[in-house]
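Q: Here's the letter readout for the chains.
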Amino acid sequence: MIDTLRLTAEEAKRLLEAREISGAELFAAYRAAIDDRDEELHCYLHVCDDPGGDGLPIAVKDVIGTKGIPTTAGSKILEGYIPVYDSTVVARLRAHGLRVLGKTNTDEFAMGSSTENSAFGPSHNPWDPSRVPGGSGGGSAAAVSAGLAPWALGSDTGGSIKQPSALCGNVGLRPTYGTVSRYGIVAFASSLDQVGPVARTVRDCAYLYSIIAGRDPCDSTTVELPQPVDLPQAEDVRGLRIGVPKELNEAEGIEPGVAAAVEAAVQKLEELGAEVGECSLPLSVEYGMPCYYLIAPAEASSNLARYDGVRYGYRADAAERLEMYKRTRDEGFGDEPKRRIMVGTYALSAGYYEAYYGQAQKVRTVIKREHDALFETFDALVSPTSPTVAFPLGARTADPIAMYLSDLLTIPSCMAGLPGLSIPCGLSEGLPVGLQLVGPQFAENTLFRIGHALEQAIGFDTVPERLRS
Amino acid sequence: MAIDREQLLHVAHLARLELRDDEIERLEGQVNDILAAVSKVSELDLSDVPPTSHPLEVVNVWEDDEPRPCLPVAEALANAPEREGDFFRVPPGGAA
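Protein chains in written order, with our numbering: chain A, 39 to 507; chain B, 4 to 99.
Where hints are given, some of them may not hold.
As the list claims (entries may be wrong) - Pairs of lysine-lysine, DSS-like flavour, derived with a Cα cap of 25 Å:
hint, chain 1, residue 1, chain 2, residue 2
1, A, K284, A, K114
2, A, K306, A, K284
3, A, K284, B, K43
4, B, K43, A, K51
Unchecked claim - Away from chain A, derived, C-beta distances all over 10 Å, residues of chain B:
hint, residue
5, R23
6, E28
7, P70
8, E78
9, E87
10, G88
11, D89
Stated by the list, open to error - Incomplete in silico selection of chain B near chain A, CB under 10 Å:
hint, residue
12, R8
13, H13
14, L20
15, L22
16, L30
17, A40
18, S45
19, S50
20, P53
21, T55
22, H57
23, P75
24, E85
Since the hints were derived computationally from the structure, they do not count as laboratory data.
Here the structure is a predicted model, which means the values were calculated and not measured.
Using N, Cα and C, we set each Cβ at its ideal position, and we do this for glycine too.
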């Protein structure tokens, strides 16, 4: 009997290699778990049949293009779209023998923090189905947490891997900008979008990252990793200097239970041998949100121009072409993409470009410099990933700005192109609390090392309490 | 900076969005709330700071100019809402 709730990818790989289980049995075990639990959780938008083979199964966020498998980005405008080529990341998974279990739910075009913006209905948090799993990659995070996949791919623009991983009690990595190809991914904000792994352990996360990372001639923003990925082993963090940025740890809106769990984990880091010191990111946190909510919508308004009803996706009936474009986009896009297209188009329009987009790009320089300066003293920075634990469905849907604040603590490092790892560090009100580790560019190995040591010391049980037997 | 109804409709036209009346009502409030929040960036005097368009310092990435197989026409057209022969078919152009 395969217990998909507890089986790590590493252990599954060992069982497959030792021929203690077959690839077919493993795939079938996840399919059975999906049949059993996904009606309640709605992690998947599409479930695949076993393509055969002996590789590990994996869930893939539905913004990531999969040849022959529907890819909707959570939007009606792409309903029925079946890519005719694989994204580079999926091609790399397949080259490693991995088998796609299905496509996971996401806020429409990855715009949101709860999956409630999905045109196909929200996903639910496996720890408490009346609550959100976070977003935009809530489907991937909830699937891994509920044992509906051993691991998954997500995508992150301002927190869409780290925040849902935090809310569902998983390990999630937003890699350094430029280390993972975006070729074949539904583009949202190109100067920010990154693909990354969601897993149940830091070692699984690191292993999946090693499969997808590296230069791709089809994405000219990608680079080769300066050093190979190390699977972390050490149980201490001796010699590492870890900064605690005041603004990321004391921001308004951080729940007391979240702050307490992170403080306890920072204490553990000291016990594990780290040198911990307070530091400051005075402008990054205060100006990160407004900066992000100019740059991301501006780039989104440009990227989403391609959905015009001509080459693929939804087309509305209309007698004339301009009318067809406008009606297609009105009927095909949901509220959040429309809001962002409107804000972004305005911010890029003649007379406003300098005041909005141009100024936001300068703020971005300030954020990058503030982080660079801290990395002269510290190897990594620590904070909560999300100010709150998973919130109830519906709690923030009426107020876009309240929803935007979900990403307050993940946005600054995204703006600077830095890697960030979220690991579960405890519970508050019975729900997982995520701890965020941010490092300088290409410092994934350092983050894995700290994350792994902390994970061993904390001993967090990633199986949601209500699913334990 | 606030955006009025006329500007909102102009921006919607630029973005090729035909908004319904109830959407215009809702978006006017929401877009103004968002613009008010993001206008915070103008508090900073950054006249001496260069912009960052991209967080990685990678410039002039060239590939060898070698022909590679591309998508067959049938596949390129496979998702077309409407086609005619080897072309995407669209309604006739009206006024721009």
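Q: Now tell me, hint by hint, if it's right for this structure.
A: Hint check results:
no. : hint               : verdict
1   : A/K284 with A/K114 : violated, 42 Å
2   : A/K306 with A/K284 : holds, 18 Å
3   : A/K284 with B/K43  : holds, 21 Å
4   : B/K43 with A/K51   : violated, 50 Å
5   : R23                : violated, 7 Å
6   : E28                : holds, 13 Å
7   : P70                : holds, 14 Å
8   : E78                : violated, 4 Å
9   : E87                : holds, 13 Å
10  : G88                : holds, 15 Å
11  : D89                : holds, 13 Å
12  : R8                 : violated, 13 Å
13  : H13                : holds, 8 Å
14  : L20                : holds, 5 Å
15  : L22                : holds, 6 Å
16  : L30                : holds, 6 Å
17  : A40                : holds, 6 Å
18  : S45                : holds, 6 Å
19  : S50                : holds, 9 Å
20  : P53                : holds, 6 Å
21  : T55                : holds, 4 Å
22  : H57                : holds, 5 Å
23  : P75                : holds, 9 Å
24  : E85                : holds, 7 Å
Of the numbered hints stated above, those contradicted by the structure are hints 1, 4, 5, 8, 12, listed in ascending order.
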